[in-house]
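Asks: Quick note, the sequences are listed as chains A and B, same order.
In this text, residue positions in the first sequence follow this note's numbering: the first is 8, and each later residue adds one.
In this text, residue positions in the second sequence follow this note's numbering: the first is 7, and each later residue adds one.
Note that these hints are calculated values from the structure, not bench results.
Misleading hints may appear alongside valid ones.
Computed from the model, here is a short list of chain B residues facing chain A with C-beta under 10 Å [said to hold, decoys possible]:
#1 Ser54
#2 Gly137
#3 Gln146
#4 Asn309
Straight-line Cα separation of at most 25 Å, BS3-like style, residue types lysine-lysine; simulated pairs [to be verified]:
#5 Lys615/B x Lys593/B
#6 Lys311/B x Lys350/B
#7 Lys350/B x Lys179/B
#8 Lys311/B x Lys288/A
#9 Lys19/A x Lys311/B
#10 Lys288/A x Lys19/A
For each residue, glycine too, the CB sits at the ideal point set by N, CA and C.
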Amino acid sequence: MLYDIRLTIAHKYDQPADHSRHLIRVLPRSDGQAQRVTAHLIEILPYPAERYDVIDFFGNAVTSINHTLPHDAMEIRLSCRVEVFAPPPFFDISAGVGDLGRELVASTDLSAGSPMHFLGTSPLLRPNAEITDFAFGAVNAQASSASQVIQLGQALHAVMAFDPEATTVETDPLDAFRQRGGVCQDFTHIMILGLRALGIPAGYVSGYLRTLPPPGGVRLEGADAMHAWVRAWCGAAQGWIEYDPTNATLASTDHIVVGYGRDYSDVSPVIGHLRAAGGQKNTQSVDVRAIG
Amino acid sequence: MQTPQYSAPNDTGHLLANYRAQVTDRDEMLRPDGSLRPVWADLLNHISGFGAEELQRRFARGDQYLRNAGVLFRKYDDSVSSERDWPLSHMPVLLDETEWATISAGLIQRADLLEDVVRDLYGANTLVASGQLPATLLTQNPAWLRPMVGVTPASGQFLNFLSFEIGRGPNGKWWVIGDMIEAPGGAGFAVENRVAMRRVFPNFFANANIHRLAGFFQDFQQSLLDLRGTKDGEVAVLSPGPMNEGYFEHAYLARYLGLLLVEGEDLIVQDGVAMVRTVAGPKPLSLLWRRLNSALCDPLELNAKSALGTPGLLDAVRRQNLNVVNALGSGVLETRALMAFMPKFSRALRGEALLMPNIATWWCGQNKEQAHVIANRATMMIGSAYSTAPLMSDEGGVLLSTEFKDQKDAAIADMLRNRGRDLVGQEAVTLSTAPVWENGQLVPRPMCLRVFLGRTDAGWQVMPGGYARVSAGNDATAFAMQRGGQVADVWINSAAPVPLTSMLSNRSGAHPLSRVLPSRAADNLFWMGRYIERAEMNMRLYRAYFARLRDGETHDAPLLEHMRRTLLAEAAPVANEMAALFEAPLKDALQAAGKVGDRFSPDGMMALKDLNRLVQEHRAQNVPLDEEPMAMSQLLRHITGFSGLVHENMYRSLGWRFLSLGTSIERAANMCTLLSQLAGPEAPEGALDLALEIGDSVISHRTRFSIIASSASVCDLLALDGRNPRSIHYHLSRIRTHIHELPGNSNEYALTDLGRKALQLETDLSVQRARDFDPASLIAVRSEVWALSDLLGSAHLV
């Protein structure tokens, strides 16, 4: 699939800010056989005093910007063309959870793709008994790790309602879980906690969803903003699989990956720090158009 | 060769008899047979020459020194801080230099090894790849900072200043208890302990061959300067700020070594270069000696919640424009579980065995080790594998299994089985004891040593001394100072006379470092000046108000009512409410002074604290109405004494100028207010005399004019008279002079906006005639003074 993606993130400040600094993670990854960015442009307004691009630990593209003059608004505009290749049909060759554990203990891999980064706690996620219980109740312990991923994702989708009003970007996943509602970020965080409790390494994927479904398809939830889903490691043979709990589906060519991380804090689209009094208002709009 | 047998001289017998009876384990002062170790003999002899009373007097001298120097032990609970005396044990711990050489060799080897390990953890990663270090100890470790992976420090070195906590086991051998790598504190306290101990035993110290500490600091200072490399930027100590328990020490070290003291908000990063915001604009920074934990240093790339860091700092490090001591992320070496692997690492990376072992540690993520810890859990300390606090001083999350009853014991075994990856077991070592003075006698207490190492041209140097932490009771595990232990100086005894050095005898002669003034420090000094002046003004008003009450006037007298309404912030006719008008600014002044610990003298700080204490006592006392004026006169004497202290004793630095600018701006503005309310045609009867009284100019008025004050004569004296240090003109003139001396404002250039404003303000006022003043024109002058203050702020203080 070929997509044209347009993203606009606008920040408005109550009081002018001087000296602001931001890290921006909005550009889709170019990951060998999965997807490839063929053209892209990131515009920042006002024009920053300093700007450069780096690749972070997990291999995500980061644009670092620095404003030194007072400004009361900032806008980030991305336009890019991405080619997403159809994944091979899903075929479960994953290890059982016990074998998974043995593979992990023996692992000496510290690279970005190593499952070792995606266990236990991470900056925003601490193991939690309620979610752990839910996860164990949702899966068949004898099943393969990939089946457990799908079982947990389906179970979560069955009890959670997609509700943009229920939570904010700051909401703790446990609160979202208790109120059985939230957005893709909450679905994703809860599922990651559940998978890690089961002993399956799991991480956060940020990205885009195709806005309009193909003819005859269903419009997916979460397409009007940046989306999030889960990535789970199912042993060396299967490797990573990606599952979208908000839509109860394995990620497909409708999903375009921007960032991989342990949780939202590793991939948040904009991390900023500014010297200003007063609050700020943020808006985001996304358009993902399939062009062939 | 037979070691000479030192028996305790007769007169030390009374000191030792009790002590000897209490020694149960390895002791620093006594041999197992109860005889005195030679290194202690001279000191014991010296002490036994004094009676208990004389000793107490000497101890008190040391304590007094520490109080005067402002060395306090701060404790923080829920953002409320409390201070108590620095818990100095008045008995030093003595060690022989040959033994010290052994300790030094062991720690230098460890320092070199740690450098190799941290380089590997952020670089080639052979330790994990070869299976020697389980990957999870990094990937699950919050102290392993991923943004630092692949980054090489500009200097090529990760570690430059370390400290170790070591203890002596029953067999007499030393053990490393803790590696303090992240931001090791205490070196400054070691110096202060030493100074205090020299007050306690001045004669003894002068004649004894005790290794001095200054040489170590001199060498380390030089190596910090060398670390700047070819970039001639500033060198600064990065502190979390006055709310941190170590702030005093940060300020002390900065002063002692001649470095800038900065906080995260003092720094900005532009084009990958870290800069200090100074009153003369941003200045490049080459080296940061940080006392802030790595994760807090950069809210953008590290802990997003940190309000103490500088956004972009890591970028300056990555681009090798900034050296940080120790490198960001090096705190990963403090991970408790690493202790289990250090002996192996030493052999793998350096091909040698550890000269000094660390306390035996088992990481429970491995089956064999887990089984060992489960089997021996009754005699082990069990805690988090990732914790970076030394096991024995970790307040949370350490349990000694022996303390638990049977039913919990099963739970511990379960926990070890299920969460083994996150846990370590460590041998509960027994520490040696050293003497402390308690209730008139010497008693043995468990102790451990804190030893400091600095990297210099010649490799790692060990501070010959350091400090000992001495437990409050007999419990060898309970010596965190938060729980009431003591700190003792450590004396390394030399066989030969020791070289005498002092930080004042700097090798290069001139002071090596620049004297830039960070904007935030200047801002605090400026506001300190304003607050103190504001407090003084309000004290004068208060005194005048109560003097009139004492003389029979009532609260509803027109003048008093006018005062309350226009000069006392519409306070109710109640003493407490009016007193709050000087109490609050004094507290603010103290707070501002506390934020510039390195630039404000300990004497000044003490005087300011005294002043606050007196003011609090005044409030608590409920002074009878007719005694209020006298009480206030006393307080006023203190506050003018304080101002005298500052202005007579403070070096005429840029900092002093900002303090003086604060004073003058506040006084000029306050005088405008006072005259506008008291010298106008609407003012009640007695207002002019009140103005003269508040302006401390009753006598000058009598000398210059007839007895009866007129509006013009009062304005002449309090607004225009350039010789009257209370007049508006006097202060506008001082403001102009100070501004002229600020960076970028000198005569050789065209006037800056700020310089122009100051000159214009002074000129406009001085060409006025006394009789032309009216309330509106005075208020207009005040607005101009405030506008000048804003301009000063935006030009130099942001």
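Asks: If a hint holds in the structure, say so; if it doesn't, say that too.
Replies: Hint-by-hint comparison with the structure:
no. : hint                : result
1   : Ser54               : violated (58 Å)
2   : Gly137              : holds (5 Å)
3   : Gln146              : holds (5 Å)
4   : Asn309              : holds (8 Å)
5   : Lys615/B x Lys593/B : holds (9 Å)
6   : Lys311/B x Lys350/B : violated (37 Å)
7   : Lys350/B x Lys179/B : holds (20 Å)
8   : Lys311/B x Lys288/A : holds (19 Å)
9   : Lys19/A x Lys311/B  : holds (21 Å)
10  : Lys288/A x Lys19/A  : holds (5 Å)
Consistency with the previously given hints fails for numbers 1, 6, ordered from lowest to highest.
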